[in-house]
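> Chain by chain, the residues run as shown.
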Amino acid sequence: MNTLITSLARLLIFPGLLFAVPAAWFFLWVERKAVARMQGRIGPPFMQPFFDFIKLLGKTTPERGGVAGMLMRAWPLIAVSSAAGAVGLLPVLPASGGFQGDLILLLALLEMPSMCIIAAGFSSRSIFGEIGSAREAVLSVSYNIVFLLAILSIAASQHTFSLSALAQLPSSPLRWLGILALLICLPAKLHLNPFSLPNAEQEIYSGPMVEYAGPELAMWELSHGLEWVAATGLVATLIAPQVTLVWLAILIFIAISFAIVLLLSVTAAATARLQIDTTVRFYWQCTLIFAVLAVAAVLFMRYVA
Amino acid sequence: MNILTMLWTNLWGGSRTMRFPLRPDVTEHYRGLVTFDPALCSGCAICKMRCTAKAIEFKTGKGEFTWSYEPGQCTFCGRCVEGCKDHALSQESACPPIYLTVGELKKSYTVARKPPAPRPVAVAQPVVPAPTAEPAIGGRQ
Numbered sequence: 001m002n003t004l005i006t007s008l009a010r011l012l013i014f015p016g017l018l019f020a021v022p023a024a025w026f027f028l029w030v031e032r033k034a035v036a037r038m039q040g041r042i043g044p045p046f047m048q049p050f051f052d053f054i055k056l057l058g059k060t061t062p063e064r065g066g067v068a069g070m071l072m073r074a075w076p077l078i079a080v081s082s083a084a085g086a087v088g089l090l091p092v093l094p095a096s097g098g099f100q101g102d103l104i105l106l107l108a109l110l111e112m113p114s115m116c117i118i119a120a121g122f123s124s125r126s127i128f129g130e131i132g133s134a135r136e137a138v139l140s141v142s143y144n145i146v147f148l149l150a151i152l153s154i155a156a157s158q159h160t161f162s163l164s165a166l167a168q169l170p171s172s173p174l175r176w177l178g179i180l181a182l183l184i185c186l187p188a189k190l191h192l193n194p195f196s197l198p199n200a201e202q203e204i205y206s207g208p209m210v211e212y213a214g215p216e217l218a219m220w221e222l223s224h225g226l227e228w229v230a231a232t233g234l235v236a237t238l239i240a241p242q243v244t245l246v247w248l249a250i251l252i253f254i255a256i257s258f259a260i261v262l263l264l265s266v267t268a269a270a271t272a273r274l275q276i277d278t279t280v281r282f283y284w285q286c287t288l289i290f291a292v293l294a295v296a297a298v299l300f301m302r303y304v305a
Numbered sequence: 001m002n003i004l005t006m007l008w009t010n011l012w013g014g015s016r017t018m019r020f021p022l023r024p025d026v027t028e029h030y031r032g033l034v035t036f037d038p039a040l041c042s043g044c045a046i047c048k049m050r051c052t053a054k055a056i057e058f059k060t061g062k063g064e065f066t067w068s069y070e071p072g073q074c075t076f077c078g079r080c081v082e083g084c085k086d087h088a089l090s091q092e093s094a095c096p097p098i099y100l101t102v103g104e105l106k107k108s109y110t111v112a113r114k115p116p117a118p119r120p121v122a123v124a125q126p127v128v129p130a131p132t133a134e135p136a137i138g139g140r141q
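Chains E and X are the protein sequences, given in the same order. So the first sequence is numbered by my numbering: it starts at 1 and just counts up by one. So the second sequence is numbered by my numbering: it starts at 1 and just counts up by one.
A portion of the hints provided could be inaccurate.
[Stated by the list, open to error] From the structure, some residues in chain X lie toward chain E, with a derived Cβ separation under 7 Å: (1) M1; (2) N2; (3) I3; (4) T5; (5) R16; (6) T17; (7) R19; (8) L22.
If you are wondering where the hints come from, they were derived from the structure by calculation, not from laboratory data. What you are looking at is a predicted structure, and each value in this text was computed from that prediction instead of being measured. The beta-carbon is built from N, C-alpha and C at its ideal position, and this holds for glycine as well.
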């Protein structure tokens with residue numbers, strides 16, 4: 001019974017929906033504001049992501065019949081629930097439970113919004129949507145190998161697939177190597193420059209989002225924000241030192257996530273969008289070698305040393 | 001590394017954009033709203049013909065004409081001002097005001113036609129002697 005209540009509290013209160021939704025809007029604002037300030041613009045006001053969400057909820061959407069219409073309405077909802085579930089799994093609080101293999105579930109849930117974006121672009125039957133989906137699919141294949149290998153190297157170095165166990169164990173140099181690989185993958189996962197290919201506004205009019213409006217677009221925005229919280233939160237839980245005080249653990253988690261958001265914003269502001277072949281080459285040639293080396297080193301240390 | 005320096009400078013250098021309803025300063029030869037001086041206008045309607053955006057309307061009545069200007073349609077190209085031989089039109093050097101309803105800034109003037117200027121009285125011309133066949137001495141051909 002206690003496990004059920006704890007799980008529900010994690011999913012619905014902290015770090016779940018009650019925390020994650022405002023945090024998603026806050027991170028979206030931080031990213032937009034930081035990029036704007038670095039480009040010499042004033043940027044949006046603090047409440048702008050919330051206002052955007054409310055405004056989009058109040059709009060009507062065009063009628064779409066048939067299975068394609070039903071699917072188009074379903075994809076953003078699946079993306080939001082997956083991203084919210086991923087945030088709920090993060091072991092932010094000390095002794096917050098968790099189970100063996102929750103890391104694999106978290107990775108699957110983190111990947112769901114990306115899959116939904118691919119499906120949404122093809123469901124929309126728009127040429128821009130289809131191009132965006134194809135780009136997202138290629139990008140996903142490229143960065144996910146590095147992302148998964150990085151997570152695998154961390155998990156193998158600590159002999160566990162439980163997130164809370166991973167977070168509690170002391171860090172090692174190899175773990176930092178994995179964290180670095182994860183950080184390299186984050187801009188691609190969050191569609192930020194220089195890997196903002198699937199949602200390139202100037203080229204393909206936001207790609208898979210081009211046919212979306214109103215509450216469905218609001219859900220996509222929310223899902224994107226939740227992805228921010230989940231992805232930065234995953235790295236933050238791996239970096240954060242273990243403390244017994246609950247409020248201090250929350251504070252450290254938020255501070256590290258905030259720092260990662262700022263780092264990603266600087267990267268986005270300092271770079272221009274790369275071409276798809278350059279992006280694929282970057283992940284397959286440069287970082288894949290890096291990730292494979294990390295896994296090989298971990299396995300070598302585990303079985304030989 | 002240059003880009004990072006640039007970003008750092010921008011971060012602390014203030015923003016070049018501003019939040020509504022603040023407006024940026026205008027440049028020296030800024031072309032703002034068209035202003036009309038009914039006292040100078042002769043009602044030739046050249047401005048209406050030169051306005052490609054159809055922002056200027058001109059209606060003639062009995063002994064008067066109505067000149068209207070809709071800034072919502074104006075492209076501020078300045079062709080009307082350029083073509084006004086009476087110098088009755090000019091352009092403000094300030095940003096147009098913010099308005100919320102369509103046609104809020106529209107202006108209309110009904111001007112009485114000026115009576116035609118009196119013709120100059122014909123003066124008797126002195127008779128000029130017909131030129132001779134031979135040029136005068138020292139004169140030039």
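> The hint names T17 of chain X as touching chain E; please verify it with the least Cβ-Cβ distance against 7 Å.
holds, 5 Å
> Using 7 Å as the Cβ threshold, decide whether R19 of chain X counts as touching chain E.
Nearest chain E Cβ about 6 Å off; hint holds.
> I3 of chain X was flagged as interface toward chain E. Is the shortest Cβ-Cβ separation under 7 Å?
holds, 5 Å
> Have a go at the L22 of chain X hint: is there a Cβ in chain E nearer than 7 Å to its own Cβ?
violated, 10 Å
> Hint check: is the beta carbon of M1 of chain X less than 7 Å from a beta carbon of chain E?
violated, 10 Å
> Interface hint check: R16 of chain X, Cβ to nearest Cβ on chain E, cutoff 7 Å. Holds or violated?
With a closest approach of 5 Å, the R16 of chain X hint holds.
> Closer than 7 Å between Cβ atoms is the bar; does T5 of chain X clear it against chain E? Give me holds or violated.
With a minimum Cβ separation of about 10 Å from chain E (threshold 7 Å), the hint on T5 of chain X is violated.
> For the restraint on N2 of chain X, tell me whether the closest CB of chain E is nearer than 7 Å.
violated, 10 Å
Checked against the numbered hints above, the structure violates hints 1, 2, 4, 8; every other hint is satisfied.
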